[in-house]
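Asker: Listed below, chain by chain, are the residues.
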Amino acid sequence: MTAVRKTAKAISLTAENGIFSIEAAVNGVRGSWRVGAEDTLLSALRANGWKGVKRGCDTGECGSCTVLVDGTPELACLKLAVSAHGREITTIEGLGSPAEPHPLQEAFVEAGAVQCGFCIPGMILVSKALLDKNPEPSETQIRHALDGNLCRCTGYVKQVEAVRLAAGKIKNREVRRAGQ
Amino acid sequence: MTKISSYYLPATVREAASRLSKPGAAVIAGSTLAARNLPAGTMAAVDLRSLPLKYIKADAKGLHLGACATFSDILDSKTACAWAGGILRSAAFKVSSQLIRNMATVGGNIARPMPYNHLPPVFAALDAKVLVAAKGKTAYYQFGELAGKPLADTLGKKALIVEVLLPAATKNMRGVFEKFSKAPSMWESYALVAAALAFKNGVCSGAGVALGAAVPRVVRLAAVEAALIGSPVTEKTAGAAVSAAPDGLELGAQREYKRELLPVLIRRAIIAAAREDK
Ligand SMILES: Cc1cc2nc3c(=O)[nH]c(=O)nc-3n(C[C@H](O)[C@H](O)[C@H](O)COP(=O)(O)OP(=O)(O)OC[C@H]3O[C@@H](n4cnc5c(N)ncnc54)[C@H](O)[C@@H]3O)c2cc1C
Ligand code: FES
Ligand code: FES
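Line by line, the protein sequences give chains A and B. Taking the numbering used here, the leading residue of the first sequence gets 86, the next gets one more, and so forth. Taking the numbering used here, the leading residue of the second sequence gets 137, the next gets one more, and so forth.
So that you can see chain A by itself, here it is in the shape it has in the complex (with noise of 0.2 Å):
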């Protein structure tokens, strides 16, 4: 077990036999988890079963690593794990479910922005700060958030459609939500 202590706001983590002891919040669900000292967030995520995590390039440069980090849009491939500890980590799992998809995922389906489907949960990550932060983005701010997630198989189309079609999703949900 890894010794967990902490001064003022200071934190300090020890690896014992190499594997670390942190705690981080993965999708809602607060836990502790063990990862190894040379672990990515992305091999660790995928070890842990979540598998929306892509391993693509694993040098920064595609994008199908895609997580959220307190909300913000990082590459798991370029983070150690343990840097984890104390983070809400949000993967495609976290967004939606088949039963209960997120307006999104509805959108990617809808607009036929989906092929392969390798590169599709980084992009819509992205896509989920971005409209958290601009929910009624223009072509040229979708495209710029866009720009770190390669597409094997699709034209960039299609993806720019289906996070406008979610954006205006989103906010009929909320004017339904509001008239209730």
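Derived by calculation from the structure, the hints in this document are not laboratory data. Yeah, the Cβ is synthetic: ideal placement off N, Cα and C, and Gly gets one too. Don't take each hint at face value.
[As the list claims (entries may be wrong)] Stretch-level coverage of chain A by chain B, calculated; a stretch enters the list once three of its residues show a Cβ under 8 Å from a Cβ in chain B:
hint, region
1, 166-175
2, 230-240
[Unchecked claim] Below 25 Å or equal to it, Euclidean Cα-Cα: the simulated DSS-like pairs (lysine-lysine) are:
hint, chain 1, residue 1, chain 2, residue 2
3, B, Lys-190, A, Lys-218
4, B, Lys-273, B, Lys-197
5, B, Lys-293, B, Lys-158
6, B, Lys-197, B, Lys-336
7, B, Lys-193, B, Lys-273
8, B, Lys-273, A, Lys-94
9, B, Lys-230, B, Lys-214
10, A, Lys-256, A, Lys-218
11, B, Lys-273, B, Lys-293
12, B, Lys-158, A, Lys-94
13, B, Lys-190, B, Lys-214
14, B, Lys-230, B, Lys-190
15, B, Lys-193, A, Lys-218
16, B, Lys-158, B, Lys-273
17, B, Lys-230, B, Lys-307
18, A, Lys-218, B, Lys-230
19, A, Lys-218, B, Lys-214
20, B, Lys-230, B, Lys-315
21, B, Lys-190, A, Lys-94
22, B, Lys-318, B, Lys-230
23, B, Lys-271, B, Lys-158
24, B, Lys-197, B, Lys-214
25, A, Lys-94, B, Lys-193
26, B, Lys-293, B, Lys-190
Position chain B with the ligands against the provided structure of chain A, taking the given hints into account.
Answerer: Here is chain B with the ligands on its own, set in the frame of chain A:
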């Protein structure tokens, strides 16, 4: 990959510096480079994210960029985006992707400068100062003294960048950042130019022109600057000022291409900066 046994999230700069001074300790900031490349023998990682160094603020001294401010923080800051004609905004905007912009920090960009890093030419052109905690004291260093060299080579392996200060005098300069490559993946074909000009009654009264990526270390183009100062900046004067720019530079790979490219790119940056004045 280096196997660390301790991970620290210090709360103050003093504590971070003290942790870093211990044998086998190394800094991680945005981790875009460090997570996969900690120096051999690193046993303890000092993660800077919990330090209050994510600020961007202006005062009478100038614009202060905390070491942990990211490129996205720069783009979110109206003050930073407006500084020196938007040169920082342009440098941040042109970083390869939003995901890198969200993670990559100002401190990391200058601590271990890869030739293609965007901020070194901007900081060189704007005469930036860097606040560094090293060897038990915290002091400002002229960016030019550190420019383009790994921090460890100049101030020792245990130096901690705290902030970058762009002097107040640069606020109203007209700055432009240009980036060019044959293809995004061809690192050896990259060239970065930061040009910042000051004008008085239509005459160039101050100039900072710096080149990155095409050369192993960022350089200020002193001869180009000297040729610009004292005249209005036109296509003709800018063309004359840059014609000899590549002479004497260590151009390395793709030398012929760079000899053609650089005068055009530098002139383009200068003209764009001058146009901003009108
Ligand atoms: C796919 C990819 C694309 C990239 N594209 C660009 C680009 O377009 N433009 C660009 O400029 N860069 C780019 N980079 C390079 C990199 O992201 C930047 O240089 C970044 O600013 C590094 O900052 P960081 O916070 O991630 O540093 P880290 O990776 O955390 O650290 C890098 C080094 O700096 C040291 N360090 C960090 N902060 C400090 C500090 N405050 N004091 C002392 N030492 C410190 C670390 O110890 C380490 O040696 C790219 C990198 C990748 C992987
Ligand atoms: S796997 Fe992380 S960016 Fe490609
Ligand atoms: S849908 Fe196949 S990689 Fe994007």
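Asker: Failing hints, ascending?
Answerer: Of the numbered hints given earlier, the structure breaks none, since each of them holds.
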